[in-house]
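Undergrad: Given next are the chains, with one letter for each unit.
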Amino acid sequence: MSQIQITINGKLCHCEEGISILQAAMQNGIEIPNLCNDESVKVYGACGLCAVEVLDDGSGRPMPKLLRACSAKAMNGYVVRYDTERVNQSRKIALELLMSDHTGDCMAPCRLNCPAGTDCQGYVKKIAEGDYHGAVRLMKEKLPLPASIGRVCPHPCEQNCRRALVEQPLSIAFLKAFAADRDLESETYRAECLPDTGKRVAIIGGGPAGLTAAYFLRQKGHAVTIFDASAKMGGMLRYGIPAYRLPKTVLDREIEEIEAMGVSMQNRVRIGEQITLEQLRADYDAVIVAVGAWQSMAMRCEGESLSGVVGGIQFLHDISSGEKAAPDLQGKVVAVCGGGNTAMDACRTAVRCGADKVYVIYRRTREEMPADAVEIEEAAEEGVIYRYLTNPAEIIGENGAVRRIKLQVMELGEPDASGRRSPVPVEGKFELLDVDLVIMAIGQKPALAGFEALEQTRKGTIAADEATFLTNLPDVYAIGDATNRGADIAIAAIGEANRCAAVVDSALCGALKPYRAPFLSKREVTAEMLADREKIARCTMPTRPAEVRRRDFDEVNLGLTEAMAQAEAKRCLECGCHDYNECKLIRYANMQPIDPYRLAGQKNIHEKERKLGSIERDPGKCILCGLCVRVCEEDAKQGILGLVGRGFTTAIKPEFQDDAVIAGCKDCAKCVKVCPTGALKLLG
Amino acid sequence: MSIRIAVGQGSCGIAAGAGKVYDALFAALQGSEVSLGVVGCIGMCWLEPIVDLYRDHTLQMRLVQVKPEDAERIAKACCHGDLSALNDLAISEEDAAFLTKQTRIALRNCGLIDPNSLESAVEAGGYSALRKVLAKQDGMTPEEVIACIKESGLAGRGGAGFPTWFKWNAARQSAGEEKYLICNADEGDPGAFMDRAVIESDPHTLIEGMLIAAYAIGAKEALVYVRAEYPLAIKRLHAALAQAKEAGYVGRHILGSDFSCEFRVKAGAGAFVCGEETALIESLEGNRGMPRLKPPFPAAAGYWHQPSNINNVETFANVSWIIDHGGAAFAAMGTPDSKGTKVFALTGKIRRGGLVEIPMGKTLRDVIFDIGGGIRDGKDFKAVQMGGPSGGCIPASLLDTIIDYKALGATGAIMGSGGMVVMDETTCMVSMAKFFLDFTAEESCGKCVHCRIGTKRMQEILTRITEGKGRKGDVELLEELCNAIKDGALCGLGQTAPNPVLTTIRYFRDEFTAHIEEQRCPAGSCTALRRYTIDPANCKGCTLCAKKCPVNAISGSVKAPHRIDLDVCIRCGQCMAACKFHAIQVG
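First to last, the sequence lines map onto chains L and R.
Quick note: the first sequence uses the working numbering, first residue 1, plus one each step.
Quick note: the second sequence uses the working numbering, first residue 1, plus one each step.
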């Protein structure tokens with residue numbers, strides 16, 4: 001055979017005469033997308049993804065038709081591209097068509113609902129297998145503080161857990177804390193860092209967002225320095241969350257791990273005081289602003305300036321920082337205004353400071369309260385008194401100090417934009433409470449002194465681009481509670497930090513690549529579809545008795561035992577596709593933006609079946625590439641599978657729809673190996 | 001000399017009652033000297049059953065729309081030799097012009113000879129070309145046969161229009177011990193029936209054409225892949241092959257030469273895609289009918305991966321005429337790009353529907369108006385659909401387009417196998433496009449993504465447009481899908497499936513817009529978009545419509561104008577049919 005030359009996407013390739021363009025590409029390390037091709041079987045040409053355009057057929061002329069690279073022979077002098085507009089369009093439509101008839105979950109709903117995209121299903125499985133380091137390794141692909149976050153996260157993952165359709169969601173957050181604690185106790189997993197790039201990044205703010213950005217940028221080999229105004233790193237995790245929920249020793253250990261990777265941490269540096277933003281911009285290649293939202297919002301009622309009225313965050317900070325002695329609230333009555341987790345933290349902290357009575361003033365009812373149900377319950381157990389449907393109208397003082405609070409009685413009206421019924425004042429109806437301390441916990445906003453150069457939103461937060469995280473300054477990025485929509489939960493800031501780190505890394509490497517949400521296949525699952533699952537109750541976190549714990553700041557939760565954790569982890573339904581990381585279909589579907597929903601129509605719905613030995617088939621994920629049919633016939637010489645039906649309803653079934661042929665299956669699993677999607681699974 | 005009676009008995013004639021007419025004539029002629037015979041289909045569908053009266057091989061009179069009860073007087077007239085008594089049954093001059101305006105080569109014997117008789121075929125010149133080719137002295141070499149076909153300019157009549165000589169030559173040049181000659185008689189385009197007519201009416205012309213082709217490429221085996229829905233064609237083909245074998249035209253050492261060729265007939269089970277040559281080969285081999293990738297083309301690796309040549313019935317039907325008359329005679333007809341004649345199956349809202357064979361270069365207007373007589377029932381011509389599901393529609397403004405592969409291609413339609421479906425003003429073009437997509441989506445083999453899911457999605461979008469649920473942007477989405485499917489589908493079926501949609505959008509975009517934006521069907525044919533209303537000025541309050549309405553959508557008191565509740569109305573139209581005062585309107 002003689003040697004020929006062919007140019008594929010600008011690369012000159014040498015190959016033997018007689019092979020296909022696809023083979024020539026593969027031999028030269030070029031991957032032309034393809035789904036139905038495998039070297040063990042004959043060329044088939046069904047998927048159409050390997051379409052290429054021949055710009056020059058060797059004689060200076062282009063070819064009018066697109067060619068399938070799998071079947072078209074490479075000819076000497078061909079100039080071929082698989083990224084022209086015409087090819088991209090053909091491939092885009094093919095992928096959109098395939099996805100419009102694809103029924104499967106690329107990722108489990110828990111993972112999809114995690115703002116940081118942590119692989120919950122993955123680490124839960126590792127925990128079930130007793131591989132805690134493996135579990136932590138998976139967690140740390142998305143968040144560097146699993147022991148801390150496992151304790152404090154309001155776990156949106158659990159909201160979406162499909163196990164709730166059977167009985168109750170998995171206790172995903174506590175499982176995370178369990179595994180992360182085990183990992184910290186023994187040889188801690190630590191991510192490797194790439195060689196130094198010589199690029200320097202300054203991160204302002206050492207909270208969850210800043211720490212996370214530092215963690216991922218350091219891994220890429222960049223020199224990272226975190227500047228923080230407080231005495232220690234940790235931000236809200238340290239100063240906003242009371243120790244009874246997150247012991248500071250746990251946070252310290254996780255921060256130590258980040259520091260050990262070579263992240264430089266400078267505390268007591270406040271922008272505009274010790275250093276300016278301009279100086280940082282001059283000294284570093286990129287600056288990430290992650291300063292959080294530390295200023296409590298005012299309630300706009302009379303008497304807010306009286307002594308004895310404090311912001312929730314300030315109250316928590318003062319206690320947890322130890323900078324001031326914890327206030328002695330013995331014999332005092334405290335009113336906490338607000339219904340979020342900060343309000344919960346404030347009221348339970350007030351209890352621990354010895355307050356006689358602690359009220360929570362909330363303008364709606366328990367139903368609408370945004371705080372975690374567990375928090376609301378545990379606070380009640382600790383003696384907190386809820387005054388629902390009341391709103392502070394006036395704080396009444398005596399000699400400049402708080403004496404009473406006047407509450408407007410409310411009732412629920414029509415639902416507002418958020419879907420919650422909005423509270424409406426009952427005209428003329430008020431209540432009075434005698435109080436000594438009023439804590440305002442109705443929301444936070446950032447304090448942006450020193451950041452005047454950054455453009456702000458109307459809400460008084462830093463305006464940052466959603467896809468690039470860039471501010472109005474070309475090298476300054478901003479993330480977390482200080483930006484755009486304002487304060488959110490820690491894991492949301494961590495997710496942003498993770499994505500921002502990738503963007504900053506791309507910019508430092510020469511070409512900024514904005515974040516693009518991946519395309520993922522999703523399916524609807526109903527309770528009926530899970531009716532056959534055994535009901536197993538969710539584990540309950542053991543806690544210290546309310547009477548004891550309300551007297552100190554020691555951790556309320558005692559932690560899951562290993563037996564509890566493993567039993568809980570085994571409840572997982574494993575909703576996400578086992579093949580997500582290897583799936584060629586989803587990889588190609590993300591090579592260019594696709595929108596299969598515009599082509600939405602009828603779908604072929606088939607149930608999973610387990611007919612072939614130890615192989616489970618999920619026809620919803622089958623793309624009819626025919627590889628399993630062909631490999632079974634041509635390579636395994638069995639011919640057990642066949643194509644049945646015509647057109648859109650074509651399906652892969654036992655040959656001639658004869659279940660008797662299945663008995664011949666030798667479990668060689670060659671079909672599983674060649675399947676380009678997760679339609680075939682070898683059961684362990 | 002006595003009269004010979006021939007009853008046209010193609011499938012269509014039989015469906016129109018030709019069998020009963022034959023039986024009645026047979027009974028009526030008992031004891032007379034008048035002979036009764038069968039011929040194939042002459043191609044004048046609207047006149048069936050047709051009875052021809054011959055004297056001395058000369059057609060004396062053609063009787064049309066004959067009923068069994070006419071048999072007695074036909075028999076009497078023929079026995080007496082006085083045919084004037086049958087003048088009322090005779091074809092009109094106008095209708096007769098349907099044939100006289102044609103130039104018949106492929107159809108030259110159809111309806112004129114007895115398809116069950118070899119003698120009849122030979123008398124009409126059958127196998128003379130084969131004799132010429134295989135003659136011991138001054139015979140033709142395979143190369144000379146190919147050269148003659150090249151000179152004729154004959155191109156594939158199945159749809160693609162590829163030069164026939166080129167395929168023959170490629171198969172001849174291909175190295176290989178076994179070579180196969182295959183006839184594609186899987187005529188699947190809705191509205192096309194010329195191949196059936198040829199096999200049913202003149203099977204020996206097909207066999208002769210195939211023998212000459214087999215000789216040219218060097219094949220010892222010939223296969224006919226004919227759809228099982230053509231039982232009469234299969235029966236007559238089998239009978240003709242048996243006669244030909246008996247007479248030495250088929251088998252070993254044909255006509256004493258070194259050329260041997262055996263025939264096999266395979267009945268296809270009715271998948272449209274099996275008309276695609278590589279899917280046809282898969283089916284012949286006993287596999288699922290799915291197209292193969294090309295290249296390699298069948299000429300290099302076809303049936304059992306041996307060099308093979310595939311042509312369709314009409315192509316073969318031209319071959320013996322070309323050999324007999326010379327390539328130049330064939331090439332003298334037509335245009336520079338398209339030589340010879342082409343058969344069209346004229347159907348739809350046409351006055352005179354049937355088979356029309358005319359030289360290339362005539363206009364669509366010639367076929368539809370001059371020969372076909374224009375539109376039935378005084379309605380206006382709207383468009384003609386050519387080339388079936390792979391073709392497109394051509395509007396009135398392009399009626400002067402000439403019949404030529406290139407000229408038709410430029411309109412977005414294709415020559416195709418010759419189906420011509422004529423549409424009038426009452427045809428909704430969106431529904432027409434949907435009809436063809438229903439067909440291709442149903443007939444997709446399911447192999448490639450673009451066709452399997454793409455045609456399904458196009459069908460869904462067209463369906464929602466005809467139901468008044470079209471969305472803004474649907475036309476653009478259709479166009480995007482069409483272009484991607486043309487580029488991406490594996491075989492000709494998929495690549496051409498978008499054509500009916502693309503051409504209807506090209507010429508009738510405003511109809512799509514009316515459906516989507518105004519929920520209105522300009523042709524008034526989309527049931528879901530019809531609005532029945534009662535004109536109070538004409539309504540007498542007779543209550544008949546209300547009584548007829550199957551869903552009680554009509555209310556009103558006696559002698560007072562009624563009204564229709566459109567939310568309840570199922571658009572069945574029974575009210576309108578019942579109303580004696582034309583008070584019910586549909587819009």
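Treat the hints with caution; some may be incorrect.
Stated by the list, open to error - Quick list of in silico lysine to aspartate or glutamate cross-link-like pairs, DMTMM-like style, CA-CA up to 25 Å:
hint: 1; chain 1: L; residue 1: Lys42; chain 2: R; residue 2: Asp424
hint: 2; chain 1: R; residue 1: Lys294; chain 2: L; residue 2: Asp57
hint: 3; chain 1: R; residue 1: Lys266; chain 2: L; residue 2: Glu655
hint: 4; chain 1: L; residue 1: Lys603; chain 2: R; residue 2: Glu467
hint: 5; chain 1: R; residue 1: Lys294; chain 2: L; residue 2: Glu39
hint: 6; chain 1: R; residue 1: Lys150; chain 2: R; residue 2: Asp95
hint: 7; chain 1: L; residue 1: Lys248; chain 2: L; residue 2: Asp488
hint: 8; chain 1: L; residue 1: Lys603; chain 2: R; residue 2: Glu442
hint: 9; chain 1: L; residue 1: Lys65; chain 2: L; residue 2: Glu16
hint: 10; chain 1: L; residue 1: Lys584; chain 2: L; residue 2: Glu633
hint: 11; chain 1: R; residue 1: Lys548; chain 2: R; residue 2: Asp535
hint: 12; chain 1: L; residue 1: Lys92; chain 2: R; residue 2: Asp474
hint: 13; chain 1: R; residue 1: Lys486; chain 2: L; residue 2: Asp83
hint: 14; chain 1: R; residue 1: Lys101; chain 2: R; residue 2: Asp337
hint: 15; chain 1: R; residue 1: Lys379; chain 2: R; residue 2: Asp424
hint: 16; chain 1: L; residue 1: Lys603; chain 2: R; residue 2: Asp23
hint: 17; chain 1: L; residue 1: Lys65; chain 2: R; residue 2: Glu480
hint: 18; chain 1: R; residue 1: Lys294; chain 2: L; residue 2: Glu633
hint: 19; chain 1: L; residue 1: Lys65; chain 2: R; residue 2: Glu479
hint: 20; chain 1: R; residue 1: Lys379; chain 2: R; residue 2: Asp366
hint: 21; chain 1: L; residue 1: Lys445; chain 2: L; residue 2: Glu375
hint: 22; chain 1: R; residue 1: Lys101; chain 2: R; residue 2: Asp424
Source of the hints: derived by calculation from the structure; they are not laboratory data.
Undergrad: Has the given pair, Lys294/R with Glu633/L, been kept, meaning a C-alpha gap of at most 25 Å?
TA: 22 Å, holds
Undergrad: Regarding the pair Lys101/R and Asp337/R, is the alpha-carbon distance no greater than 25 Å?
TA: Given pair Lys101/R, Asp337/R holds - Cα atoms ~23 Å apart, limit 25 Å.
Undergrad: Is it true that the CA of Lys445/L sits at most 25 Å from the CA of Glu375/L?
TA: 23 Å, holds
Undergrad: Check whether the Cα positions of Lys548/R and Asp535/R lie no farther apart than 25 Å.
TA: 18 Å, holds
Undergrad: Does the structure keep Lys65/L and Glu16/L at a Cα separation of 25 Å or less?
TA: The given pair, whose Cα atoms are some 24 Å apart, holds under the 25 Å limit.
Undergrad: Would the hint linking Lys150/R and Asp95/R be met if the CA-CA limit is 25 Å?
TA: 36 Å, violated
Undergrad: Going straight from one Cα to the other, do Lys65/L and Glu480/R come out at no more than 25 Å?
TA: 17 Å, holds
Undergrad: Straight-line Cα separation of Lys266/R and Glu655/L no greater than 25 Å?
TA: 23 Å, holds
Undergrad: Tell me if the straight-line CA distance from Lys486/R to Asp83/L falls inside 25 Å.
TA: It holds: about 18 Å lies between the C-alpha atoms, which stays within 25 Å.
Undergrad: Just to be careful, I want the Cα atoms of Lys65/L and Glu479/R compared with a cutoff of 25 Å; is the pair within it?
TA: 18 Å, holds
Undergrad: Verify the proposed pairing of Lys101/R with Asp424/R, using a straight-line Cα cut of 25 Å.
TA: 24 Å, holds
Undergrad: Regarding the pair Lys379/R and Asp424/R, is the alpha-carbon distance no greater than 25 Å?
TA: The given pair, whose Cα atoms are some 6 Å apart, holds under the 25 Å limit.
Checked against the numbered hints above, the structure violates hints 1, 6 and 16; every other hint is satisfied.
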